[in-house]
Amino acid sequence: MNSKEPVLSVSNLSFSYPDRSLVLKDLNLIVWPGERVGIIGPNGAGKTTFFMLICGVLKTTSGEIRLFGKPVVPGEFHPEVGMVFQNPDDQLFCPSVRDDVAFGPRNLGLPEEEVEARVREAFAVTGMQELGDYPPHHLSGGQKRMAAIAGVLAMRPRLVIYDEPTSNLDIRYRRRLIHFLRGARETMLIASHDLEFILEVCDRVILIDEGRIVADAKPREVMGNAALMEAHGLERPHSLVPHAEPHHN
Amino acid sequence: MKLQLDEYAYLNTPLHRWDPRYKLISFMVLIFAFSFVHSLYLLPGMVAVSGTLYIVSSLPLSFLLARLRLPGFFLLMMAVLLPFLSGQNALFYLGPLAVKQEGCLDLLLISVKFLCILTLVIILFGTTPFLTNIKAMRALGLSSILADMILFSYRYLYDIGDKLKTMETAMKLRGFLRRNLKSLGTLASLAGTILVRSYEQSDRVYKAMILRGYGQAGGTRSGPRRDEFQAYPRDLAGLLVLVFIAVAFVVAEICLR
Amino acid sequence: MHIPDGVLPTAVCLGGYATAGAATWFSLRKISQKENPREGIPKASLLTAAFLVASWIHIPVPPASVHLVLNGLLGVVLGYYAFPAILIGLFFQAVMFQHGGLTTLGVNATVMGVPALLAYYLFRLRNIFGKDNRVGTGLFAFLAGAGGIGLAAVTVFVLLVTTIPAHMDVEAERASIYALTLAHIPVMIIEGVFTAVLALFLQRVKPELLEGDS
Chain F
101 MNSKEPVLSV
111 SNLSFSYPDR
121 SLVLKDLNLI
131 VWPGERVGII
141 GPNGAGKTTF
151 FMLICGVLKT
161 TSGEIRLFGK
171 PVVPGEFHPE
181 VGMVFQNPDD
191 QLFCPSVRDD
201 VAFGPRNLGL
211 PEEEVEARVR
221 EAFAVTGMQE
231 LGDYPPHHLS
241 GGQKRMAAIA
251 GVLAMRPRLV
261 IYDEPTSNLD
271 IRYRRRLIHF
281 LRGARETMLI
291 ASHDLEFILE
301 VCDRVILIDE
311 GRIVADAKPR
321 EVMGNAALME
331 AHGLERPHSL
341 VPHAEPHHN
Chain B
45 MKLQLDEYAY
55 LNTPLHRWDP
65 RYKLISFMVL
75 IFAFSFVHSL
85 YLLPGMVAVS
95 GTLYIVSSLP
105 LSFLLARLRL
115 PGFFLLMMAV
125 LLPFLSGQNA
135 LFYLGPLAVK
145 QEGCLDLLLI
155 SVKFLCILTL
165 VIILFGTTPF
175 LTNIKAMRAL
185 GLSSILADMI
195 LFSYRYLYDI
205 GDKLKTMETA
215 MKLRGFLRRN
225 LKSLGTLASL
235 AGTILVRSYE
245 QSDRVYKAMI
255 LRGYGQAGGT
265 RSGPRRDEFQ
275 AYPRDLAGLL
285 VLVFIAVAFV
295 VAEICLR
Chain C
968 MHIPDGVLPT
978 AVCLGGYATA
988 GAATWFSLRK
998 ISQKENPREG
1008 IPKASLLTAA
1018 FLVASWIHIP
1028 VPPASVHLVL
1038 NGLLGVVLGY
1048 YAFPAILIGL
1058 FFQAVMFQHG
1068 GLTTLGVNAT
1078 VMGVPALLAY
1088 YLFRLRNIFG
1098 KDNRVGTGLF
1108 AFLAGAGGIG
1118 LAAVTVFVLL
1128 VTTIPAHMDV
1138 EAERASIYAL
1148 TLAHIPVMII
1158 EGVFTAVLAL
1168 FLQRVKPELL
1178 EGDS
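Protein chains in written order, with our numbering: chain F, 101 to 349; chain B, 45 to 301; chain C, 968 to 1181.
Keep in mind the hints are simulated off the structure, nothing from the lab.
Fair warning: there could be bad hints in the mix.
Derived DEER-like restraints, expressed as beta-carbon distance ranges [what the hints assert, rightly or not]:
(1) B:Phe117 <-> C:Trp992: 46 to 56 Å
(2) F:Gln229 <-> B:Arg199: 34 to 44 Å
(3) F:Gly175 <-> C:Ala985: 46 to 56 Å
(4) F:Asp270 <-> B:Tyr52: 41 to 51 Å
(5) F:Glu213 <-> B:Thr210: 27 to 37 Å
(6) C:Leu1085 <-> B:Lys209: 30 to 40 Å
(7) F:His343 <-> B:Arg199: 41 to 51 Å
(8) C:Trp992 <-> F:Val225: 57 to 67 Å
(9) B:Asn133 <-> F:Tyr117: 47 to 57 Å
(10) B:Asn133 <-> C:Ala1150: 23 to 33 Å
Calculated pairs, EDC-like style, for lysine to aspartate or glutamate (alpha carbon to alpha carbon, straight line, at most 16 Å) [to be verified]:
(11) B:Lys216 <-> F:Glu176
(12) B:Lys251 <-> C:Glu1006
(13) C:Lys1173 <-> F:Asp233
(14) C:Lys1173 <-> B:Asp247
(15) F:Lys170 <-> F:Glu180
(16) B:Lys216 <-> F:Asp126
(17) F:Lys159 <-> F:Asp126
(18) C:Lys1001 <-> C:Glu1178
(19) F:Lys159 <-> F:Glu176
(20) F:Lys125 <-> F:Asp309
A partial selection of chain F residues facing chain C, derived with a Cβ cut-off under 10 Å [said to hold, decoys possible]:
(21) Pro195
(22) His238
(23) Gly241
The model shown is predicted, which means the values in this text are computed figures rather than measured ones.
Every residue, glycine too, gets a C-beta built ideally from N, C-alpha and C.
Full structure from sequences and hints, please.
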């Protein structure tokens, strides 16, 4: 991988749904290999729409999106981007977890041994080995989340998009997800309302509100700015509030 | 999919103000009277009646046209088949095929009836919010099990439709292309998942409902609430006018036979 | 597949309403014999909506794509709720999507719903093999799916061909019914296979959905 080439470059991107005003206004963004970019902003800020544009599900109104130097063509299959949906139920539909994880690799037209290998690898990374033969509908919320992630990783994407990955997770699975993401090699975009989670995982944060990028800097800089956060319907995470008696180091 | 049926249900015209129960009865009577017509001489009358009602309803023409697209295919199929299949008297020849007079007249009759009835249905459901119409049906004696089922299905129809759309997107992002019959198995799993998810959701919905007293004796479900609607003499007058028109069509049809 | 307004004679439409009314009455009576008929309502309604949504999935049959009717499957999954579910599904189709019609609602519901009930009875025969036998489930689901649509299609064709072109001779009528039915055999097979795969999926993931009287 050429480290000089951006993973994602978005220039002057605007988007609106047919009957509504602009959802995204003149967005500019460059993401470099290995970055873990947190995307924060209030509900309805346009985060999910932005992801759908990157994946080529929606068509830009104006501006351009490039992935690894190539323009995104709407409607085309872009295996180098993986998307983990907010609700894992939207992604899991096969009679067994194993089939579901194999679904993407099979669509890539890989030979069956390679599919097997990819599935094993994805299981190993996500720790899902024992659950392979379960129907996804019988898994717990946390297990479903990991199964959905395994299904995306099995395609070996170079950019992975996570939409609200901690929603509905218990503390243990949330912690497990944090460890997993910090150890992962892919470049990632993570949208979340769980700001402490973003603080632990990401090395860069983008604040989107009303379709614009309002801030783009190191997590502590953006989220530690109480005035900025409150102006956009957010709060400074507790661990960044100065404590009289410091207990966060 | 998001063709909102009752988008224009909040306009203010005599048709919108009409008590939904009376409107429902009047329109159904008129629709059946139209379906009874076989005489070509009555077609202009039908067009005039449904056209006038549509104008009175103030629904935009584009609303009607957008809704004609889907059933248009059926008419097209009829237009291709009927003139050749039905009748003996050839009007003219298209190559080796004879275009028959009776077939063309059948086609004319069917399409005009079809369009007029469709217009009436669109007025009926376009001028009243959908849920109000269902309540009106319940007030008119529709079984409460059926009415409940209609209300629930309506509530969750778009919800489940959105789920399907999201799942199809997720599949597409993992490279699924429906290219040939081999994808039948995958699509069956997709449909199956939709069923299972809806089933599981219904379980949660039901539990949430009984926790709020659903199905209790004396609850809201104990019968139709007739006081929900209030009829004035003008509602009855409207009913009489439309029923009179309907009877006129039926009588004329019988005389012309 | 659904007959639109203005095509059938009024007598047939009224007859359709009469049979649909009778079938609904029969179904509701069977339903209310259960311990808690209210419990089934949310389930049946959400599944009604889900079936309607599932019928929007288009199945690629090169060079075109088709939508499935799934009435056999509806019988298999919903049992006695199948008839009301189909009636409601068709009502939505007619008023929201202008597919089918209001005057023909009774006819369409009878044409789709009675085969669905028969498919339900047919599918229950799988118990000969035992409930957990995948071959039995697959086989009877195939028969229910293919039979459900097959019976409905033949009925529709007979109704259309005998009533619409008032000036067609008997020979031509019979020939076109045969032709249309033959043309529908591939659709029956697709619908049957789809129903079988789906029933096996449900047996694995959520077997209680196949108990028939959910």
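Hints versus structure:
Checked against the given bound of 46 to 56 Å, the beta carbons of phenylalanine 117 (chain B) and tryptophan 992 (chain C), roughly 34 Å apart, lie outside it. Taken as a hint, the range 34 to 44 Å holds for the pair glutamine 229 (chain F) and arginine 199 (chain B), whose Cβ atoms sit roughly 41 Å apart. For the pair glycine 175 (chain F) and alanine 985 (chain C), the supplied restraint of 46 to 56 Å holds, since their beta-carbon distance comes to about 49 Å. Judged by the Cβ atoms, the range 41 to 51 Å given for aspartate 270 (chain F) and tyrosine 52 (chain B) holds: they are separated by roughly 48 Å.
In this structure the supplied range 27 to 37 Å holds for glutamate 213 (chain F) paired with threonine 210 (chain B), their Cβ-Cβ distance being about 32 Å. Between leucine 1085 (chain C) and lysine 209 (chain B) the beta carbons are some 33 Å apart, a value that agrees with the proposed interval 30 to 40 Å. Between histidine 343 (chain F) and arginine 199 (chain B) the beta carbons are some 48 Å apart, a value that agrees with the proposed interval 41 to 51 Å. In this structure, tryptophan 992 (chain C) and valine 225 (chain F) meet the distance hint of 57 to 67 Å, their C-beta atoms being roughly 58 Å apart.
Separated by about 55 Å at the C-beta atoms, asparagine 133 (chain B) and tyrosine 117 (chain F) satisfy the suggested range of 47 to 57 Å. About 29 Å separates the C-beta atoms of asparagine 133 (chain B) and alanine 1150 (chain C), a value consistent with the hinted range of 23 to 33 Å. For the given pair, lysine 216 (chain B) sits about 9 Å from glutamate 176 (chain F) by alpha-carbon distance, which is consistent with the 16 Å threshold. Proximity of lysine 251 (chain B) to glutamate 1006 (chain C) is assessed by CA-CA distance (about 9 Å); at most 16 Å being required, the pair is judged to hold.
Between lysine 1173 (chain C) and aspartate 233 (chain F) the alpha-carbon distance is near 15 Å, which keeps this suggested pair within the 16 Å criterion. Distance hint between lysine 1173 (chain C) and aspartate 247 (chain B) is fulfilled; the C-alpha atoms sit about 13 Å from each other, no more than 16 Å. Restraint check for lysine 170 (chain F) and glutamate 180 (chain F): the C-alpha separation of about 11 Å stays at or below 16 Å, so the hint holds. With a CA separation close to 27 Å, the supplied pair lysine 216 (chain B) and aspartate 126 (chain F) exceeds the 16 Å bound.
Distance check on the hinted pair: lysine 159 (chain F) and aspartate 126 (chain F) sit about 15 Å apart at the alpha-carbon level, within 16 Å; holds. Straight-line distance between C-alpha atoms of lysine 1001 (chain C) and glutamate 1178 (chain C) comes to about 14 Å, which keeps the hinted pair within the 16 Å bound. About 11 Å separates the Cα atoms of lysine 159 (chain F) and glutamate 176 (chain F), which keeps this hinted pair within 16 Å; it holds. Proposed proximity of lysine 125 (chain F) and aspartate 309 (chain F) is supported: the alpha carbons are some 10 Å apart, at most 16 Å.
Hint status for proline 195 (chain F): holds, given a least beta-carbon distance of 5 Å to chain C, under 10 Å. Below 10 Å, beta-carbon pairs count as interface contacts, and histidine 238 (chain F) has one with chain C at about 8 Å; its hint therefore holds. Checking glycine 241 (chain F) against chain C by beta carbon gives a least distance of about 17 Å; that is not within 10 Å, so the hint is violated.
Hints 1, 16 and 23 from the earlier list are contradicted by this structure; the remaining hints agree with it.
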